[in-house]
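*Asks:* These protein sequences, in sequence, are chains W and A.
Going by our numbering, 247 is the number at position 247 of the first sequence; the sequence numbering is gapless.
Going by our numbering, 249 is the number at position 249 of the second sequence; the sequence numbering is gapless.
Accuracy of the hints is not assured; some may be wrong.
[Unchecked claim] Below, simulated DMTMM-like cross-link-like pairs (lysine to aspartate or glutamate); rule was C-alpha separation at most 25 Å, straight line:
no., chain 1, residue 1, chain 2, residue 2
1, A, Lys178, W, Glu244
2, A, Lys424, W, Glu138
3, A, Lys424, W, Asp136
4, A, Lys178, W, Glu248
5, W, Lys424, A, Glu131
6, A, Lys178, W, Glu138
7, A, Lys283, A, Asp80
[What the hints assert, rightly or not] Restraint ranges, calculated between C-beta atoms of paired labels, are given here:
no., chain 1, residue 1, chain 2, residue 2, range
8, A, Ala206, W, Ala276, 17 to 25 Å
9, A, Ala181, W, Leu83, 30 to 38 Å
10, W, Ala181, A, Leu391, 41 to 49 Å
Note that these hints are calculated values from the structure, not bench results.
Please read all numbers here as calculations on a predicted model, not as lab measurements.
Cβ atoms here follow ideal geometry from the backbone N, Cα and C, with glycine treated the same way.
Protein chains: 2
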Amino acid sequence: MNTTARSKKAAPIWLFFPPPQKRSPKSSNLPPSGAGTGLSGGALARTGGLMIVFARMNRILSIDPENQRAVVQPGVVNFDLTLAAEPHGLYFAPDPSSQKSCTIGGNVAENAGGPHTLAYGVTTNHVTALELVLPDGEIVRVGSTQGDAPGYDLTGLFVGSEGTLALVTEITVRLSPKPEAVKTLLAIFDSVDDAAETVVDVTARAIIPAACEMLDGWTLRVVEDFVHAGFPRDSAAVLLLEVEGLAEAVAGQAAAITEACNAHRARKVRVARDNAERELLWKGRKNAFGALGRLAPSNYVLDGVIPRTKLPQALRRIREIGHRYGFDIANIFHAGDGNLHPIVLYDPRDKGQFERAMQASAEIIRYCVEAGGALTGEHGIGMEKAELMPLLFSDADFDLMRRVHDAFNPACLLNPGKIFPLSKGCGEIRLRAKSSAHVSVA
Amino acid sequence: MNTTARSKKAAPIWLFFPPPQKRSPKSSNLPPSGAGTGLSGGALARTGGLMIVFARMNRILSIDPENQRAVVQPGVVNFDLTLAAEPHGLYFAPDPSSQKSCTIGGNVAENAGGPHTLAYGVTTNHVTALELVLPDGEIVRVGSTQGDAPGYDLTGLFVGSEGTLALVTEITVRLSPKPEAVKTLLAIFDSVDDAAETVVDVTARAIIPAACEMLDGWTLRVVEDFVHAGFPRDSAAVLLLEVEGLAEAVAGQAAAITEACNAHRARKVRVARDNAERELLWKGRKNAFGALGRLAPSNYVLDGVIPRTKLPQALRRIREIGHRYGFDIANIFHAGDGNLHPIVLYDPRDKGQFERAMQASAEIIRYCVEAGGALTGEHGIGMEKAELMPLLFSDADFDLMRRVHDAFNPACLLNPGKIFPLSKGCGEIRLRAKSSAHVSVA
Numbered sequence: 001m002n003t004t005a006r007s008k009k010a011a012p013i014w015l016f017f018p019p020p021q022k023r024s025p026k027s028s029n030l031p032p033s034g035a036g037t038g039l040s041g042g043a044l045a046r047t048g049g050l051m052i053v054f055a056r057m058n059r060i061l062s063i064d065p066e067n068q069r070a071v072v073q074p075g076v077v078n079f080d081l082t083l084a085a086e087p088h089g090l091y092f093a094p095d096p097s098s099q100k101s102c103t104i105g106g107n108v109a110e111n112a113g114g115p116h117t118l119a120y121g122v123t124t125n126h127v128t129a130l131e132l133v134l135p136d137g138e139i140v141r142v143g144s145t146q147g148d149a150p151g152y153d154l155t156g157l158f159v160g161s162e163g164t165l166a167l168v169t170e171i172t173v174r175l176s177p178k179p180e181a182v183k184t185l186l187a188i189f190d191s192v193d194d195a196a197e198t199v200v201d202v203t204a205r206a207i208i209p210a211a212c213e214m215l216d217g218w219t220l221r222v223v224e225d226f227v228h229a230g231f232p233r234d235s236a237a238v239l240l241l242e243v244e245g246l247a248e249a250v251a252g253q254a255a256a257i258t259e260a261c262n263a264h265r266a267r268k269v270r271v272a273r274d275n276a277e278r279e280l281l282w283k284g285r286k287n288a289f290g291a292l293g294r295l296a297p298s299n300y301v302l303d304g305v306i307p308r309t310k311l312p313q314a315l316r317r318i319r320e321i322g323h324r325y326g327f328d329i330a331n332i333f334h335a336g337d338g339n340l341h342p343i344v345l346y347d348p349r350d351k352g353q354f355e356r357a358m359q360a361s362a363e364i365i366r367y368c369v370e371a372g373g374a375l376t377g378e379h380g381i382g383m384e385k386a387e388l389m390p391l392l393f394s395d396a397d398f399d400l401m402r403r404v405h406d407a408f409n410p411a412c413l414l415n416p417g418k419i420f421p422l423s424k425g426c427g428e429i430r431l432r433a434k435s436s437a438h439v440s441v442a
Numbered sequence: 001m002n003t004t005a006r007s008k009k010a011a012p013i014w015l016f017f018p019p020p021q022k023r024s025p026k027s028s029n030l031p032p033s034g035a036g037t038g039l040s041g042g043a044l045a046r047t048g049g050l051m052i053v054f055a056r057m058n059r060i061l062s063i064d065p066e067n068q069r070a071v072v073q074p075g076v077v078n079f080d081l082t083l084a085a086e087p088h089g090l091y092f093a094p095d096p097s098s099q100k101s102c103t104i105g106g107n108v109a110e111n112a113g114g115p116h117t118l119a120y121g122v123t124t125n126h127v128t129a130l131e132l133v134l135p136d137g138e139i140v141r142v143g144s145t146q147g148d149a150p151g152y153d154l155t156g157l158f159v160g161s162e163g164t165l166a167l168v169t170e171i172t173v174r175l176s177p178k179p180e181a182v183k184t185l186l187a188i189f190d191s192v193d194d195a196a197e198t199v200v201d202v203t204a205r206a207i208i209p210a211a212c213e214m215l216d217g218w219t220l221r222v223v224e225d226f227v228h229a230g231f232p233r234d235s236a237a238v239l240l241l242e243v244e245g246l247a248e249a250v251a252g253q254a255a256a257i258t259e260a261c262n263a264h265r266a267r268k269v270r271v272a273r274d275n276a277e278r279e280l281l282w283k284g285r286k287n288a289f290g291a292l293g294r295l296a297p298s299n300y301v302l303d304g305v306i307p308r309t310k311l312p313q314a315l316r317r318i319r320e321i322g323h324r325y326g327f328d329i330a331n332i333f334h335a336g337d338g339n340l341h342p343i344v345l346y347d348p349r350d351k352g353q354f355e356r357a358m359q360a361s362a363e364i365i366r367y368c369v370e371a372g373g374a375l376t377g378e379h380g381i382g383m384e385k386a387e388l389m390p391l392l393f394s395d396a397d398f399d400l401m402r403r404v405h406d407a408f409n410p411a412c413l414l415n416p417g418k419i420f421p422l423s424k425g426c427g428e429i430r431l432r433a434k435s436s437a438h439v440s441v442a
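Construct the complete structure from the given sequences, taking the supplied hints into account.
*Replies:* Pasting the structure below:
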């Protein structure tokens with residue numbers, strides 16, 4: 001969004017921890033910070049500087065199945081922890097769509113969510129302790145392996161601070177027991193409004209599915225062509241719903257969800273018959289962003305939040321904004337918690353298109369905030385949304401955040417230009433001290 | 001625990017917000033801060049000073065049933081919010097045993113828990129936004145009514161900060177849908193070990209009951225004499241277990257729990273037949289502290305946390321410590337999350353007994369920490385455990401917490417002598433500036 005800042009950017013220097021023993025072609029290709037899968041630019045060196053890359057600190061240090069805890073280094077890939085916990089009947093609940101490549105350190109920095117956030121919360125709900133390196137080199141620990149730590153909730157403060165307060169070098173996470181039974185339902189609708197109303201109704205019935213994802217017609221068609229997951233090409237929207245728990249519970253919840261779908265004119269509700277069909281449905285969902293590459297040379301994924309009850313209006317408004325700017329906007333998102341991911345399809349080689357895409361996107365995010373929502377659900381602020389923060393925060397709010405920032409990182413050594421708009425954060429300090437080294441992390 | 005500090009204490013001055021219109025005998029009896037039900041002394045003016053009493057700021061400002069939110073003033077009594085939300089099929093999940101008298105402001109200050117913490121978490125998991133008054137008089141807002149607020153998690157930081165960072169003047173909370181069905185089970189055991197092993201087994205079976213409470217023989221006998229809840233007087237321990245959700249789910253979970261109880265030699269497992277019987281069982285649990293007054297002139301309620309898997313050892317150790325110091329120690333606690341409440345029964349008129357009771361208590365808390373647990377689960381640090389904090393935190397840890405403290409309350413105006421041991425926190429500053437006014441809140 002901040003195109004002028006890009007041209008000023010100096011090439012960053014990368015540091016690897018631990019340093020590579022020998023430089024194989026593979027290692028020199030390692031992406032910055034964690035895995036670099038973030039969607040808000042948290043791991044980019046906005047004003048140049050020094051990158052600290054944690055991809056090699058990728059050891060799972062311990063798994064304690066009895067107390068359902070694991071201790072990991074920040075470079076551990078999210079899904080690798082679930083694989084390691086599997087023999088104990090456990091898994092790591094936060095599941096970003098990038099979970100097979102993103103790292104837990106990055107999840108901590110951005111407080112990442114995923115499709116199952118609806119039932120299990122975001123990363124902060126699964127982190128109990130951290131080892132940190134402060135800008136002055138001091139190594140400290142916050143949190144507790146058991147229960148909530150007494151005193152200030154510093155663990156909660158550092159999770160989601162996007163590398164602006166400290167470097168995270170060790171993470172203690174909660175592991176969750178794998179449910180006895182899982183049912184995945186695909187509900188097919190002839191109208192987007194009906195699908196959206198169903199989501200409102202399901203939660204009003206006091207059912208909390210483990211996941212409740214929506215794909216609109218644009219998205220489901222291109223995903224179907226690519227994955228062959230069985231999404232009918234002529235439908236207007238599908239809901240992918242998952243319920244988990246004891247077998248009896250799951251059967252009851254699946255029946256209640258089916259009833260809600262039928263009450264809103266679902267064309268069909270299909271329950272995945274086996275694990276293979278379940279995985280196919282999820283493959284369709286998790287690969288949707290990639291599949292959209294078939295529709296346009298590029299796309300811009302937004303991350304707005306609206307009150308769940310305003311879902312039908314919000315989708316109509318997004319369609320209207322798309323029409324006005326001349327874009328197709330695909331929608332694939334976490335419907336259950338009102339976390340929208342409108343995807344503006346555009347051609348970046350056309351400078352006019354690029355600028356209109358950014359304008360349309362800003363208008364959508366502004367609408368989310370006005371509707372009583374927020375400008376990010378799970379991707380973080382990074383550099384992408386730093387300049388939009390004043391939509392949500394006043395000068396007094398920034399002052400409050402700055403007090404916390406300056407308590408740990410007063411000289412703006414860590415990840416300047418993130419979270420805070422340049423004018424309210426470390427931007428001015430940066431201008432005064434252009435030559436000093438900076439460290440950027442996720 | 002800090003008896004010498006008490007004698008030095010100056011009588012505090014109380015301020016009421018809003019100021020009383022006329023002084024009725026009732027209003028001049030209002031307890032300090034919120035309702036003054038806290039168990040760690042967070043609302044006491046440890047070094048004298050000025051008390052700000054929020055008991056009159058007791059209005060529920062709004063209830064938004066669709067988005068499951070309420071906005072309340074800090075003096076609203078916890079259970080009054082649940083009563084107000086009931087017509088919408090909603091309730092406020094945190095349920096301290098004092099819920100019919102404690103205030104939500106106090107719950108926020110101490111990050112209070114309750115029997116249903118096991119399934120629904122402590123207060124911080126149900127607060128989404130706060131209005132705050134900083135020591136310099138500035139009014140600020142943190143958090144968001146929808147989802148997680150972007151940027152630093154300041155709401156999480158202020159919840160549980162025990163009035164040491166800011167005054168909380170408005171609270172936005174999450175309301176939860178009332179479950180379709182509830183089953184309450186009473187499992188009766190002839191041995192404490194069997195009851196403790198059952199708790200470990202229930203969670204190992206991936207069942208998360210909504211509540212899992214344990215009462216030992218001492219407690220259940222005195223409760224039975226008082227409440228007549230049907231706890232057999234000759235049993236060694238009872239578990240009070242509750243499962244909630246859809247009717248089908250609840251039936252399945254109750255069956256699985258019964259199986260676990262029987263596998264550990266439960267004498268009997270009884271399911272409450274109706275709401276009246278359910279409420280009677282809970283009345284026994286929630287009035288247990290009061291009933292213990294029949295056994296000894298006073299008692300000291302501890303609040304240690306241990307890893308759940310160490311429950312059987314911990315109970316044996318507590319019994320052994322009691323024997324050694326010559327005390328009966330009753331146990332009634334949140335077994336499911338390893339949050340112990342050993343209750344040392346003693347006579348405070350006997351100075352030797354008082355001192356031995358404090359020593360026995362400190363030994364129990366030290367054991368909890370050594371076992372990998374923590375020194376508070378839900379009652380907060382307050383002044384009670386401030387001097388025990390070094391068991392868990394190093395000087396570097398205190399320095400980290402002080403950075404946060406000083407970012408908001410650098411002059412130690414708010415609630416000095418809480419959370420931090422006197423030597424590490426505001427104690428020294430207080431000694432230097434004895435005459436200045438202080439504000440104590442919960």
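*Asks:* Does each hint fit the structure? Answer for all of them.
*Replies:* For each hint, the structure was consulted:
| no. | hint | verdict |
| --- | --- | --- |
| 1 | A/Lys178 <-> W/Glu244 | holds, 19 Å |
| 2 | A/Lys424 <-> W/Glu138 | holds, 19 Å |
| 3 | A/Lys424 <-> W/Asp136 | holds, 21 Å |
| 4 | A/Lys178 <-> W/Glu248 | holds, 20 Å |
| 5 | W/Lys424 <-> A/Glu131 | holds, 22 Å |
| 6 | A/Lys178 <-> W/Glu138 | violated, 47 Å |
| 7 | A/Lys283 <-> A/Asp80 | holds, 18 Å |
| 8 | A/Ala206 <-> W/Ala276: 17 to 25 Å | holds, 24 Å |
| 9 | A/Ala181 <-> W/Leu83: 30 to 38 Å | holds, 36 Å |
| 10 | W/Ala181 <-> A/Leu391: 41 to 49 Å | holds, 43 Å |
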